[in-house]
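*Asks:* The lines below spell out each chain.
2 protein chains.
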Amino acid sequence: MPAKLEIVSQNRCFEGSVIKYEHQSEVLKCTMRFNVYLPDSKEPLPVLYFLSGLTCTEDNFIQKAGALRYLSDKKIALVCPDTSPRGVTITGQDDAWDFGSGAGFYVDATEAPWSAHYQMYSYVIRELPGLIHAHLAVDPDRASIMGHSMGGHGALISALKNPGRYRSVSVLAAICHPTQCPWGIKAFSGYLGATNRSCWEAYDATELARSYRGPQLPILLDQGDQDVFLKQKQLLPQHFLLAAENGPGRQQLAIENRMRPGFDHSYFYIQTFIEDHIQFHARHLLEASD
Amino acid sequence: MPAKLEIVSQNRCFEGSVIKYEHQSEVLKCTMRFNVYLPDSKEPLPVLYFLSGLTCTEDNFIQKAGALRYLSDKKIALVCPDTSPRGVTITGQDDAWDFGSGAGFYVDATEAPWSAHYQMYSYVIRELPGLIHAHLAVDPDRASIMGHSMGGHGALISALKNPGRYRSVSVLAAICHPTQCPWGIKAFSGYLGATNRSCWEAYDATELARSYRGPQLPILLDQGDQDVFLKQKQLLPQHFLLAAENGPGRQQLAIENRMRPGFDHSYFYIQTFIEDHIQFHARHLLEASD
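Respectively, the protein sequence lines represent chains A and B.
When the letters of the first sequence are read in order and numbered with the numbering used here, they come out as residues 143 to 432.
When the letters of the second sequence are read in order and numbered with the numbering used here, they come out as residues 143 to 432.
Note that these hints are calculated values from the structure, not bench results.
You may find that some hints are simply not true.
Put simply, identical chains are the same to the list, so a pair is met inside one copy or across any two.
Derived BS3-like pairs: lysine-lysine, alpha-carbon spacing no greater than 30 angstroms straight-line [said to hold, decoys possible]:
| no. | residue 1 | residue 2 |
| --- | --- | --- |
| 1 | K373 | K162 |
| 2 | K375 | K146 |
| 3 | K375 | K303 |
| 4 | K162 | K375 |
With the sequences and hints as input, model every part of the structure.
*Replies:* So, in structure tokens, the structure goes:
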């Protein structure tokens with residue numbers, strides 16, 4: 143029997159409803175919340191997962207991105223999970239904004255004390271889709287994934303580690319090479335152990351692109367050229383592009399690369415280009431199934 | 143010499159920029175912040191003021207309403223002030239979410255201790271437009287105003303008390319008859335004194351509509367029919383409609399009344415209908431000047 147979902151709140155928006163759910167997560171061993179947008183439909187809906195960035199919760203994207211208008215038009219469901227386990231007590235979890243609470247980094251931690259709860263990769267890839275498919279009228283064969291910043295990293299590794307699982311992936315200001323940037327090195331050292339580099343590479347989009355051998359995967363890579371974190375070499379999209387272009391999967395990784403002059407890392411950047419992303423996913427989610 | 147504005151932050155959004163300013167308010171006697179959206183333009187821009195609701199700041203609307211796309215298209219500037227004086231110390235100011243901080247109610251308080259700072263009507267009507275005209279490339283002759291909930295009350299009284307000042311006014315889930323609803327009675331009792339009813343009526347949209355004798359004022363009145371505060375009789379839009387229809391200004395108050403089935407009081411409701419509001423104001427702001 144699938145785990146229980148409780149409705150926390152429900153709001154009408156465009157031709158559909160925003161629903162906040164709460165549930166006991168078996169994987170994370172705590173109470174979690176996520177938001178869903180469900181356009182009105184008599185048919186099962188294709189579904190787009192959105193993974194959020196550092197310090198965010200399940201609310202940022204659904205409240206601030208201005209995406210729901212386009213999802214309503216296209217009749218695509220949206221699922222927005224939180225960014226870390228919540229309501230747990232781990233010493234040090236709230237000491238930094240880029241590690242611990244709000245910064246799960248979409249990996250399955252192997253290091254104590256984090257490994258007891260910080261299993262965000264399994265949560266996003268396995269437990270959450272299981273709940274969605276069990277409780278909501280979505281079509282499990284039509285899923286895509288996107289994300290922002292840390293969530294862009296999460297979206298890219300989710301797609302690259304699970305060939306064929308997602309029809310398309312798009313990212314905004316993604317952390318593209320976490321094993322080579324300060325945020326990623328800090329997070330992977332803490333969650334995966336400072337010395338276990340091969341384990342790190344299994345969660346690194348650039349390393350995964352270097353060896354991708356799956357089916358066709360359309361990727362939309364979006365970046366503002368005035369993003370302070372791009373300048374600080376936290377994001378490194380050029381590393382990802384180079385790896386994809388030179389790997390065995392270069393024919394399969396179909397990358398649309400968009401550099402946006404003048405734009406930064408904020409939700410004002412996201413809301414400007416969100417229509418492009420929804421249209422991109424709609425092209426792949428709404429085409430006839432194989 | 144106009145007072146100084148400091149830029150706190152600046153973000154590119156669509157074809158324009160969001161700018162957060164800080165300044166010393168002479169009227170409120172404290173440091174205030176407000177947000178502006180300025181579409182790229184070589185010409186002075188028409189300007190739309192947005193007044194926010196209880197518990198809000200200058201950020202809610204600009205971040206969550208999804209309005210900037212339409213303002214960019216139409217080349218209309220947006221100004222979003224805060225909802226109360228900030229950084230002041232008044233006993234009791236943080237005891238309730240519907241009075242004090244975040245709940246200035248757009249009146250000029252006459253009662254101590256509030257009167258020392260809580261002069262939000264003069265701030266919104268006089269000091270803020272003065273700053274905008276002195277520092278930004280806007281056209282003072284083309285201004286409109288809108289608001290949500292408490293800010294809907296603020297927008298309606300601003301327009302009705304200053305005939306000819308605004309080309310149009312629109313409100314979402316506005317508090318339309320504050321002298322007759324629990325929120326308004328609490329606020330007016332505190333800021334204006336429990337016994338001074340004639341002073342209350344000078345800030346009540348329904349009472350002002352009952353006696354309006356100004357020029358033509360296009361009004362868009364928007365309301366969700368599942369709004370819990372409508373059911374609790376906090377909003378009373380039917381009182382406003384009745385007063386306007388029966389007053390001496392019934393030919394001048396051109397009200398478009400929209401009831402939205404299924405919608406509540408939230409920003410999910412606002413983002414669904416914000417395009418209608420921007421189009422409404424654009425019709426009045428972009429037509430040739432008299």
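*Asks:* First find the shortest C-alpha distance between K373 and K162 inside one copy, then the shortest across copies, and answer within, between, both or neither for a cut-off of 30 angstroms.
*Replies:* between (36 angstroms within a copy, 23 angstroms between copies)
*Asks:* 30 angstroms Cα cut-off: does K375 pair with K146 within a copy, between copies, both or neither?
*Replies:* Result: close neither inside a copy nor across copies, 42 angstroms intra and 36 angstroms inter.
*Asks:* Could you figure out if K375 and K303 sit no more than 30 angstroms apart (CA to CA) within one copy, between two copies, both or neither?
*Replies:* within (24 angstroms within a copy, 54 angstroms between copies)
*Asks:* One pair to classify: K162 and K375, alpha carbons no more than 30 angstroms apart. Within, between, both, or neither?
*Replies:* So K162 and K375 pass the 30 angstroms test across copies only (27 angstroms; inside, 35 angstroms).
Against the hints set out earlier in the document, a violation occurs for number 2 only.
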